[in-house]
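Line order of the protein sequences matches chains A and B. Residues are numbered in this note's numbering as their position in the first sequence, beginning at 1, plus a constant of 154. Residues are numbered in this note's numbering as their position in the second sequence, beginning at 1, plus a constant of 154.
Think of the hints as simulated: they come from the structure by calculation, not from any bench. Treat each hint with caution, since some may be false.
Derived BS3-like pairs: lysine-lysine, alpha-carbon spacing no greater than 27 Å straight-line [to be verified]:
#, chain 1, residue 1, chain 2, residue 2
1, B, LYS375, A, LYS418
2, A, LYS375, B, LYS375
3, B, LYS412, B, LYS375
4, B, LYS412, A, LYS375
What follows is the residue order along each chain.
Number of protein chains: 2
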Amino acid sequence: MSKTIVAFQGEPGAYSEQAIRQHYGTEATALPCRSFGEIFSAVQDGRSTLGMLPVENSLAGTVIPAYDLLIDHDLRVQAEAIVRVEHCLMASPGTKLDEIKRVKSHHQALAQCEQTLHRMNIEPINYYDTAGAARDLAANPEPETAVIASALAAHTYNLEILARNVEDLDFNYTRFFVLGRSEPERRDPSKTSIIFTTRHVPGALYAVMRELAERDINLTKIESRPRRNRPWHYRFFVDFEGHEDDPSVQEALLGILKRSSFLKVLGSYPAAVMPE
Amino acid sequence: MSKTIVAFQGEPGAYSEQAIRQHYGTEATALPCRSFGEIFSAVQDGRSTLGMLPVENSLAGTVIPAYDLLIDHDLRVQAEAIVRVEHCLMASPGTKLDEIKRVKSHHQALAQCEQTLHRMNIEPINYYDTAGAARDLAANPEPETAVIASALAAHTYNLEILARNVEDLDFNYTRFFVLGRSEPERRDPSKTSIIFTTRHVPGALYAVMRELAERDINLTKIESRPRRNRPWHYRFFVDFEGHEDDPSVQEALLGILKRSSFLKVLGSYPAAVMPE
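Using the sequences provided together with the hints, build the complete structure.
Okay, structure coming up:
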């Protein structure tokens, strides 16, 4: 059997590659892509078996461009992966922590470490990417300079980790969808993700939700976004517990279809366990 | 009467300052702040009258850190402002468009102009901020180099706009809350924004929404986020049409209070009209 190839967006050592390692260990080959769109085309044209797509972060919220692509393509969600984001401060081997005066990273990672860096008296410098900052520091070592990126990035580029968990808040998780061309095998407890649109009339969303609530189906996510160029029309991203083959879920989906102008089932997949 | 001071996050010329200009014209003084948290403290300690806080963007989604601060502070939403994000390509005066080989801007702005820049054969270079890129190019002019930022940034730093609306998708709006210490005067149509939490039991959210739907109150936004360190507890960001002084809204709020473990009314305010 040929090895599983999983596409991800970013440089080698990105948190998305860490999600692949956490989910598949060394059984999969990670394929770096420049954009989310390239993940979809890599899976569709067979260059990769699967794609690892970030869909939400506990601090930053839903990744709307990821959902835009999920609407426009017909890949199925095979699994979800939840990765604890643990920012590491790293530098060229031999550097000591008290020598560090500045740190380069993506602005969002720097923002998540703001208080810690302030306490350590280290100046934050914005960089376009976390793993890219690690790669560039390894290629062009600079004194007194560190990078914030994943432990995998330190390993990938042979940098030394000077401090782990430099984030201010430890409730920092990113949730990924594993995308593929086929249906995954059922393994309960299952979750199902759907996208639908309603018109802006009193109770339209309520009527849709009644279809789930009446059947004791638990929501685990709901989010509304205005539809492009369609004032007063909304699309909803909804996740719930259960599998699309369950009779109660099938009844609810048929009820939602009657009340929505568009419904797409992204997939039913095994619910992830939160990492420790 | 002393002049209104409105705090915003970013460099002068940021899209947030443009929101202040659009909403208040020249009647207000804009006060730049380094972080969202500083907007709240400026309003609380009276250094500014109001604060202009971005809460969602039509392409990027909800600004979760803004909501985190709204939960932790007790400012009231006085108004909402919706600003069309129109990215301008600008350079040192006298530069011609066909001389431009590279453009610096915030990665999100560059991503929103990706196809246009590709067609124009201009290389994107990541920078920590849109208005900051304009300020730095004006201070240190570079040949063949442009910046993507707001028209206000071009005006602020005396750069020449070479092309307007270089964004790929024109449905790019940012919604702001205007924050203050007092209640705004009522001016209908009104909207009300609330935050509440429910426990993860079947139908808990449904029961809350019934309180609104039964009274024909229209939702205009709903979003769930997991609560920090409280698995299976969720908080919801909800906006609806109507004013907290309306009897039907008051009844609905009392009903929601019975069913939620936490309810905060951010404010009732005049609904914004979408800009053309």
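Hints, one by one, checked against the model:
1. With a C-alpha separation of about 20 Å, the suggested pairing of LYS375 of chain B with LYS418 of chain A holds against the 27 Å cut-off.
2. As the CA atoms of LYS375 of chain A and LYS375 of chain B are separated by approximately 14 Å, the hinted pair is consistent with the 27 Å bound.
3. Of the pairs offered as hints, the one joining LYS412 of chain B and LYS375 of chain B holds, with about 21 Å between alpha carbons and a cut-off of 27 Å not exceeded.
4. Only pairs whose Cα atoms come within 27 Å are accepted, and LYS412 of chain B paired with LYS375 of chain A is accepted, the gap being roughly 22 Å.
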